[in-house]
Amino acid sequence: MGLVIEKHGDICLVRVEGQLIVSNRQELKQKVLDEVERGDRKILIDFTNAGYIDSSGLGTLVSLSKKIRDLGGELRLSGLNEELRTLFDLTKLDTLFRISDAPEAGLQGF
Amino acid sequence: MRHSLPDRSPLVPPDLRFPIDVRIPSDLRLIEPLVGAVIRDCAAHRLAAHHCALNVPVALTEALSNAILYGNLLDRAKYVRLRVTVDERCIVFEVTDEGSGFDLEQCTTDPTTAENVAREDGRGLFLMRCLMDRVERYTDGGNVVRLTLLRL
Chain G
1 MGLVIEKHGD ICLVRVEGQL IVSNRQELKQ KVLDEVERGD RKILIDFTNA GYIDSSGLGT
61 LVSLSKKIRD LGGELRLSGL NEELRTLFDL TKLDTLFRIS DAPEAGLQGF
Chain B
111 MRHSLPDRSP LVPPDLRFPI DVRIPSDLRL IEPLVGAVIR DCAAHRLAAH HCALNVPVAL
171 TEALSNAILY GNLLDRAKYV RLRVTVDERC IVFEVTDEGS GFDLEQCTTD PTTAENVARE
231 DGRGLFLMRC LMDRVERYTD GGNVVRLTLL RL
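Protein sequence lines correspond, in order, to chains G and B.
For the first sequence, the tail end lands on 110 under our numbering, and the numbers increase by one without skipping.
For the second sequence, the tail end lands on 262 under our numbering, and the numbers increase by one without skipping.
Honestly, the hints are just simulated from the structure, not real lab data.
Glycine included, each C-beta is placed from N, C-alpha and C at the ideal position.
Accuracy of the hints is not assured; some may be wrong.
Unchecked claim - Label pairs and their in silico Cβ distance ranges:
1) G:38 to B:127: 45 to 51 Å
2) B:155 to G:73: 32 to 38 Å
3) B:225 to G:89: 16 to 22 Å
4) G:98 to B:222: 26 to 32 Å
5) G:4 to B:224: 21 to 27 Å
Turn these sequences into a full structure, and let the hints guide you.
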């Protein structure tokens, strides 16, 4: 998995490349928490260039969302392909996150 | 930031061909290259694209991570065995660990209920059962989880 962090005004955009699974989810968690520690409260994680996500990866997103919300911020998602949409639909996590088709739309509406 | 193991780890033969029968030590970092090798062969066998992109990688990752985490308790001296067979009707994955096994029904929870949807855990077995046509657990020289996907 690769992670690219970009700052767009007060929004921190995190682009995930490759799979988000049990062996690397901690990298994403730590990277996002580092940004939150520095003061970011609007986090957008983009999956346009991601592969598949397993249950551990989904759990990490839920965990991050809670932590950020507790600090008065919000975690949003973008760029889910058809398979990832299916995954979020099956688990009903699409009811927990605000999800944009593309990162640009996610940035605009944040 | 990159994964510490390359996509094709030397511990996972890059040229896996069905029928597959491999053993890996209990190292979570080996899951991705192993699943990647299986997916390449699934594609070569003309498995449906959505099966290659979602059903197989997610369900197999869940089965392997459960075997390493809960079966073998991350003990690298213990091994996980993966067998894969395919025919014109279905593809079957058998993941064997050295643990004492578990009750599939009792351990499967529904993560979509109002009280569970915001939980961080509890989606692994549920996803396996959603994404495969059949999930079975039995004991045969180890704790075996068998996943069957019909090639429709």
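Here is what the structure says about each hint:
1. G:38 to B:127: 45 to 51 Å: holds, 48 Å
2. B:155 to G:73: 32 to 38 Å: Violated - the Cβ-Cβ distance for residue 155 (chain B) and residue 73 (chain G), about 46 Å, lies outside 32 to 38 Å.
3. B:225 to G:89: 16 to 22 Å: holds, 19 Å
4. G:98 to B:222: 26 to 32 Å: violated, 18 Å
5. G:4 to B:224: 21 to 27 Å: Given a distance of about 35 Å, which is not inside 21 to 27 Å, the answer is violated.
Going through the hint list in order, the structure does not satisfy hints 2, 4 and 5.
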